[in-house]
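Please build the complex by placing chain V on the supplied structure of chain L, with the hints as guidance.
2 protein chains.
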Amino acid sequence: MNVLICSVGRRVQLIDYFKEELNKVGGKVIAVDCDPTAPALYHADLFEIVPRIDNPEYISYIKNLCRKYNINALLTLIDPELTLLASFKEEFEKEGFLVIVSEKKVVDLCYDKYLTFKFLKENNIPTVPTYIDIDMVIQDLNEGTIKFPLIIKPRNGSGSVGLHKVANLNDLQIFWQENHDYIIQPFIESNEFCVESYIDLLTKETTNLFCKRKINMRAGETDKSIVIKDSVLNDITYEVIHALKPIGPVDIDYFKTKDGYIISEINPRFGGGYPYAYEMGQNFIKSIINNLKGIPNTPYEKYLGEYEEGKTMVRYDHFIVL
Amino acid sequence: MNVLICSVGRRVQLIDYFKEELNKVGGKVIAVDCDPTAPALYHADLFEIVPRIDNPEYISYIKNLCRKYNINALLTLIDPELTLLASFKEEFEKEGFLVIVSEKKVVDLCYDKYLTFKFLKENNIPTVPTYIDIDMVIQDLNEGTIKFPLIIKPRNGSGSVGLHKVANLNDLQIFWQENHDYIIQPFIESNEFCVESYIDLLTKETTNLFCKRKINMRAGETDKSIVIKDSVLNDITYEVIHALKPIGPVDIDYFKTKDGYIISEINPRFGGGYPYAYEMGQNFIKSIINNLKGIPNTPYEKYLGEYEEGKTMVRYDHFIVL
Numbered sequence: 001m002n003v004l005i006c007s008v009g010r011r012v013q014l015i016d017y018f019k020e021e022l023n024k025v026g027g028k029v030i031a032v033d034c035d036p037t038a039p040a041l042y043h044a045d046l047f048e049i050v051p052r053i054d055n056p057e058y059i060s061y062i063k064n065l066c067r068k069y070n071i072n073a074l075l076t077l078i079d080p081e082l083t084l085l086a087s088f089k090e091e092f093e094k095e096g097f098l099v100i101v102s103e104k105k106v107v108d109l110c111y112d113k114y115l116t117f118k119f120l121k122e123n124n125i126p127t128v129p130t131y132i133d134i135d136m137v138i139q140d141l142n143e144g145t146i147k148f149p150l151i152i153k154p155r156n157g158s159g160s161v162g163l164h165k166v167a168n169l170n171d172l173q174i175f176w177q178e179n180h181d182y183i184i185q186p187f188i189e190s191n192e193f194c195v196e197s198y199i200d201l202l203t204k205e206t207t208n209l210f211c212k213r214k215i216n217m218r219a220g221e222t223d224k225s226i227v228i229k230d231s232v233l234n235d236i237t238y239e240v241i242h243a244l245k246p247i248g249p250v251d252i253d254y255f256k257t258k259d260g261y262i263i264s265e266i267n268p269r270f271g272g273g274y275p276y277a278y279e280m281g282q283n284f285i286k287s288i289i290n291n292l293k294g295i296p297n298t299p300y301e302k303y304l305g306e307y308e309e310g311k312t313m314v315r316y317d318h319f320i321v322l
Numbered sequence: 001m002n003v004l005i006c007s008v009g010r011r012v013q014l015i016d017y018f019k020e021e022l023n024k025v026g027g028k029v030i031a032v033d034c035d036p037t038a039p040a041l042y043h044a045d046l047f048e049i050v051p052r053i054d055n056p057e058y059i060s061y062i063k064n065l066c067r068k069y070n071i072n073a074l075l076t077l078i079d080p081e082l083t084l085l086a087s088f089k090e091e092f093e094k095e096g097f098l099v100i101v102s103e104k105k106v107v108d109l110c111y112d113k114y115l116t117f118k119f120l121k122e123n124n125i126p127t128v129p130t131y132i133d134i135d136m137v138i139q140d141l142n143e144g145t146i147k148f149p150l151i152i153k154p155r156n157g158s159g160s161v162g163l164h165k166v167a168n169l170n171d172l173q174i175f176w177q178e179n180h181d182y183i184i185q186p187f188i189e190s191n192e193f194c195v196e197s198y199i200d201l202l203t204k205e206t207t208n209l210f211c212k213r214k215i216n217m218r219a220g221e222t223d224k225s226i227v228i229k230d231s232v233l234n235d236i237t238y239e240v241i242h243a244l245k246p247i248g249p250v251d252i253d254y255f256k257t258k259d260g261y262i263i264s265e266i267n268p269r270f271g272g273g274y275p276y277a278y279e280m281g282q283n284f285i286k287s288i289i290n291n292l293k294g295i296p297n298t299p300y301e302k303y304l305g306e307y308e309e310g311k312t313m314v315r316y317d318h319f320i321v322l
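Those protein sequence lines, which keep their order, are chains L and V. Take 1 as the starting number for the first sequence in my numbering and just add one per residue. Take 1 as the starting number for the second sequence in my numbering and just add one per residue.
Looking at chain L on its own, in the form it has when it is part of the complex (with noise of 0.2 Å):
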């Protein structure tokens, strides 16, 4: 059993891990990005350098590729590709490939935060207020709905990039003038929480939840955290889930404010702090090659996550020479 993985990046723990729970029923990790210096490509069983995803030539590249290595599923660790293959799955599995990606809609709706958004508001799921129009965003300041600072980002992307924190309306009209595409929202200052899931791909159930506090933030990256258990996380995360109907792995952030929790982001995909998941027993691969040997897993039992509370988890910088 192969699994090819796009767009590898610095994502070498996890590959790591896929490289591990392959070899032992006799399967093989194959990594591909278009950059030579990514240094998860290095950890994989065979790696292979591809053109760019906005590359015409990159999904028959791909497709060549799963023939090539006899490959029974592929999947992308960024969100820009999971549109991608989210378009050209049934392609792939006409010749047998499995993509491991949700449907179009889903992805493309995860993928920009102002239809994330509308999304969870019409399901009644607390989200951040998100706005695309600067009348909307002065009218309900001006009656107080929300107030400053503010943020503007990029409606497209992850993390804090391109993000700016303005004080005032003055602020506010320059850098909106000046970006496009951008969505504005208050600025929450307040815990971040997240929670790993795996939907299974055969009964579309959920099988795992692993919720994590996020202490020290440093430019959107998680430094460290600490491993809790939350009813009310597992609620409201069940219902995301149940209204938007992901598969596979997906990682849902949340501010925790006075009114409660709320979503700040929704990626259908291994999240970058996955392993913190993984090294607590939340084997998703193992679950994925379940699934691809078509036994399905079991239903995650509400409240009964079986890992250990309190738990601190730490990052570190890892340097090598290619």
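Since the hints were made in silico from the structure, they are not lab data. Take every hint as true, because none was put in to throw you off.
Heads up, the list lumps identical chains together, so a pair's fine if it works in one copy or across two of them.
DSS-like mimics (lysine-lysine), calculated; alpha carbons at most 30 Å apart, straight line:
1. K19 / K311
2. K147 / K165
3. K118 / K89
4. K214 / K121
5. K68 / K286
6. K286 / K24
7. K68 / K24
8. K229 / K121
9. K258 / K214
10. K165 / K214
11. K105 / K118
12. K28 / K68
13. K89 / K104
None of the values given here were measured: they were computed from a predicted structure.
Same frame as chain L, but now just chain V:
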């Protein structure tokens, strides 16, 4: 021979190297940090959790550890502690604990971006124009010496923490009013370079110079670098070291503008990217061990650094559960 390293934080690889080199000569590395979740602690031979560096008992606590572990030398990995250790250097050395830190006036100067600028200017070494007076900025803007965008960042601090980019006078004035102890500099969009050097503790001669060009910058941290050799960069580095007279490991950051290299920062300590230098054979830890044995290291022969040009080096995240 035992070495105590303060504020080890997430510098896991550096502690691994210290352990490896010290173990070869029958020595040990003892790591300390105020945060029990600092992952580097757990890579040392022994570790201790200590008070914060601003605790009045900190120095006596560290001195007791030096006695307890029969320490030969100690050093710190973070900027704010350099001044502290430099202040108590003599006191430690009276008891036979060598503090590997430059003189207090050197570390104070490097920690303060405005003092660094003044020092370099006085020594005719090219650097980034730096202001602590907004009227001077306005004057130079009017005279066309500098232009927008400008950046505002803390006078003390590292990386891009607290950095704002401003596009016009209005924004500049707003940020300037809101932030105290900040400096203003022109925003420089250019390639960034870094030189790691070692200045022998006995001879005060430079024994290593290792140059790299940074690629992708993400939130002020380098993801990727390429090893280079450049006699011009070496010359400026020599000049700085000659004028400043630091000792031990020193990391100097540069921009390359159309007028040539200009210095952006001098860090009189192990740089965050030192593992690249080590992996390329620049073993500053062995140099420290030699010095502690009373053996001087061979001075660097200008332009003949013993490393291979053109190698790519990358950084990735590693996650652990404590």
